[in-house]
Amino acid sequence: MLVLAVCGSVILVNKQGTKIQGVTLFEKHIYTGKVFSVKWLSEESVLTSGPEGEIIRWSVDANLGEVERKDVWILPTSKQRWTSAATWIQQYELLIVGDRVGSVHVYKKSEKNAVQSFFKVHGQGGTTDVHYHQGSVYTAGRDGCYRQYSITQNATLHLLYHQKVAKGFEWIERLIFSNSQMSVLGFHNDKFVCYDVANSERKVALQCGGGHRAWDYSQRGTDVRFVCVKAGTVQLHRATINTAHKTLKSSLHGRELTCVKHLCSIQTPGGTTVSVCVTGSEDTFINIVAINQNDDDLCQLTVKERLQGHVSSVRCLATSPSAISIDKKCVETSSTTSPHSMILFSGGGRAQIKVWCINIFTAMSSISENGTKNNAREVQCQYELLTSYTMSQSLKRQKHWRSTQVDSNPETRFMDVTACNLGESLKNDDLHGFHFLAAGCSDGFLRFYSFQEKTNNLTLVGDSDFHQHCVLTIGHEVITIDGAPSLIVYSGGTDGKIALWDISKIFSKTTEKSELTLDADISPVLILPAHQSGVNSICIRQVHDSEYVVASGGDDNSLAIHLLTATQKSESLQRNTFQLTLSVIKRCVQLSAHGAQITGIQALEGGDIITASIDQRLNVWRISPDFKKIDCILSRYVSVADIASMDLSNVNITNEDSSSKWQDQTVVVCGEGFQLLKLRGIVVKRTHHKENTTYGKYYI
1192 MLVLAVCGSV ILVNKQGTKI QGVTLFEKHI YTGKVFSVKW LSEESVLTSG PEGEIIRWSV
1252 DANLGEVERK DVWILPTSKQ RWTSAATWIQ QYELLIVGDR VGSVHVYKKS EKNAVQSFFK
1312 VHGQGGTTDV HYHQGSVYTA GRDGCYRQYS ITQNATLHLL YHQKVAKGFE WIERLIFSNS
1372 QMSVLGFHND KFVCYDVANS ERKVALQCGG GHRAWDYSQR GTDVRFVCVK AGTVQLHRAT
1432 INTAHKTLKS SLHGRELTCV KHLCSIQTPG GTTVSVCVTG SEDTFINIVA INQNDDDLCQ
1492 LTVKERLQGH VSSVRCLATS PSAISIDKKC VETSSTTSPH SMILFSGGGR AQIKVWCINI
1552 FTAMSSISEN GTKNNAREVQ CQYELLTSYT MSQSLKRQKH WRSTQVDSNP ETRFMDVTAC
1612 NLGESLKNDD LHGFHFLAAG CSDGFLRFYS FQEKTNNLTL VGDSDFHQHC VLTIGHEVIT
1672 IDGAPSLIVY SGGTDGKIAL WDISKIFSKT TEKSELTLDA DISPVLILPA HQSGVNSICI
1732 RQVHDSEYVV ASGGDDNSLA IHLLTATQKS ESLQRNTFQL TLSVIKRCVQ LSAHGAQITG
1792 IQALEGGDII TASIDQRLNV WRISPDFKKI DCILSRYVSV ADIASMDLSN VNITNEDSSS
1852 KWQDQTVVVC GEGFQLLKLR GIVVKRTHHK ENTTYGKYYI
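So for the sequence shown, my numbering puts the first residue at 1192; every next one is plus one.
Hints were generated in silico from the structure; no laboratory data involved.
Take these hints with a grain of salt, some might be off.
[What the hints assert, rightly or not] No farther apart than 27 Å at their CA atoms in a straight line, the calculated lysine-lysine pairs in the BS3-like style are these:
#: 1; residue 1: Lys1437; residue 2: Lys1394
#: 2; residue 1: Lys1688; residue 2: Lys1777
#: 3; residue 1: Lys1261; residue 2: Lys1230
#: 4; residue 1: Lys1358; residue 2: Lys1300
#: 5; residue 1: Lys1382; residue 2: Lys1437
#: 6; residue 1: Lys1355; residue 2: Lys1300
#: 7; residue 1: Lys1358; residue 2: Lys1394
#: 8; residue 1: Lys1645; residue 2: Lys1618
#: 9; residue 1: Lys1382; residue 2: Lys1358
All chains should be built: construct the whole structure from the sequences, respecting the hints.
Encoded structure:
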């Protein structure tokens, strides 16, 4: 079928084979002026756009030659008031259109005017495509970007993210999906281009003279056909996608990995355990990867999402449980498991922090990797960019003549970040939806931020230049004494010192502005001279009611252990405020714990310590009961060179009785590669001079 629009009339003719039979099926004068555009919504539905922004949806019956008028809507006033792209979502009875000025409008069947509008989001070139795929709405335009939206319960669109396709590729015309992979069609200079978004490469590039022409594209397997009108003639181009080279294993990142976080482990209905991790790299990308672990211990790594937007390398990652889930997609994908929703903070070069909301769930997969139909469930991921922050932007909002602070260097790098949900950590309902973020920076400052999920505002609430050197690592721990939780932040820098900060007492809620502010000067409650040079990694673990172990690894290849005791002293009985005091009981150091710098350290369930180093070894250490000796009880060589980061999953208890329990943990390391290992162990109870404690036997 072919639709023509001439002088306010619509003519529908029949097409069979290669010739058009001159049989008019339908002809009707529908507008008093021009018909500006005609769009096929489906094989049985047509959308027309006429004068004064009037758009009409028609139902077409080609067999009977009948066309029925269904719905009428009105476009908002603009300079070029007609549609350039549209899609009809029958499930929600929504019409989503893009117009010639780059706006996107949402219409409900029962309402004549737009219920939601995104004005000029695709620039002056206009919106060129609107596509509905697997519960999400995608729009593209001639600004070189595409946008993904989710559909809320109120049948409105919620922007998840917008993304630039490639440098210099501005003229985007169409989005196509094949086997759940998206490709972008458009024009770059004088060529027609089909761009593979997942692999960031051109699949097809044909010389056609550039845009501003009628064209169409089809692909069957590796055969490609492109037809266009050039100089009044119709030209047909044929091409074949080169599949001679086979990629045995695609790269995870383009450059070395700098950080890794284990997000969650999900058990699929088929019995497969899927570990979901997030990685950052020098290539400025953040990847969310799923690792399927079969019964034969064979792992398959799949990149679920690739997060873009950092202008320089991604140096650090931190997660915090989300107070507001973004599970808008779960109904559409028929998810049967509660989603894992979390806030992801990413920091790196050019003093840039980005805040994302990550939603991980299982859903039905209709198409497998080889293109066949498959009804199995798989892990899926949905993400949303909440805000982007740079220190230069925050300085522009300030009135410099009212502040005595020194301007920050725009080349400052966020070396490490840590985050927590204040409402959950401090057991305070007034802090629901507030997150605390601490960042260690290359200029020697510790910077403290508050993030509110309701407003998506990331606010700098305080800083400290205590270290006077580059801050390499930062973390936090919640210490509870007599039922009162305290939030402790620990930091280490190139000065070899570890500083512990009590953050919980200096936070209060300002109800008028709904923001968090600092009520007191920021100063450490305890300073530990731990290493001769830089401190690369720190962890804290509770061993008794008021005793905590602080373990650290540094550039001097040594492992330092400090045993601390925590007490609270009343500052004011009237205000019911307390001061946390930390003091060192014992100290133990293992010199030359590794053959190179220690870059990762974590505490295990049984009180033991696991370390990772550039010497490509994972070591498990046990501290003697008298705190005088540290023994290496397990050492394992790993395949990743120049290990930059290590993380552990939560403990999975497989078997437990009165005297012992078997448990599994997943260890992930990254550097010049990525490796996942399973740490199996048995934790056995033993008698200590104070109370019952535990020790473990481990296998990797």
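Here is how each hint holds up against the structure:
With a CA separation close to 14 Å, the supplied pair Lys1437 and Lys1394 stays within the 27 Å bound. A threshold of 27 Å between alpha carbons decides the hint, and for Lys1688 with Lys1777 the separation of about 17 Å falls inside it, so the pair holds. For the hint pairing Lys1261 with Lys1230, the CA-to-CA distance comes to about 15 Å; that is within 27 Å, so the pair holds. Proposed proximity of Lys1358 and Lys1300 is contradicted: the alpha carbons are some 39 Å apart, above 27 Å.
Simply put, Lys1382 and Lys1437 have alpha-carbon atoms about 26 Å apart, close enough for the 27 Å limit, and the pair holds. For the suggested pair Lys1355 and Lys1300, the alpha carbons sit about 32 Å apart, so the restraint of at most 27 Å is broken. The straight-line distance between the Cα atoms of Lys1358 and Lys1394 is roughly 16 Å, inside the 27 Å bound, and the hint therefore holds. With a CA separation close to 19 Å, the supplied pair Lys1645 and Lys1618 stays within the 27 Å bound.
A threshold of 27 Å between alpha carbons decides the hint, and for Lys1382 with Lys1358 the separation of about 15 Å falls inside it, so the pair holds.
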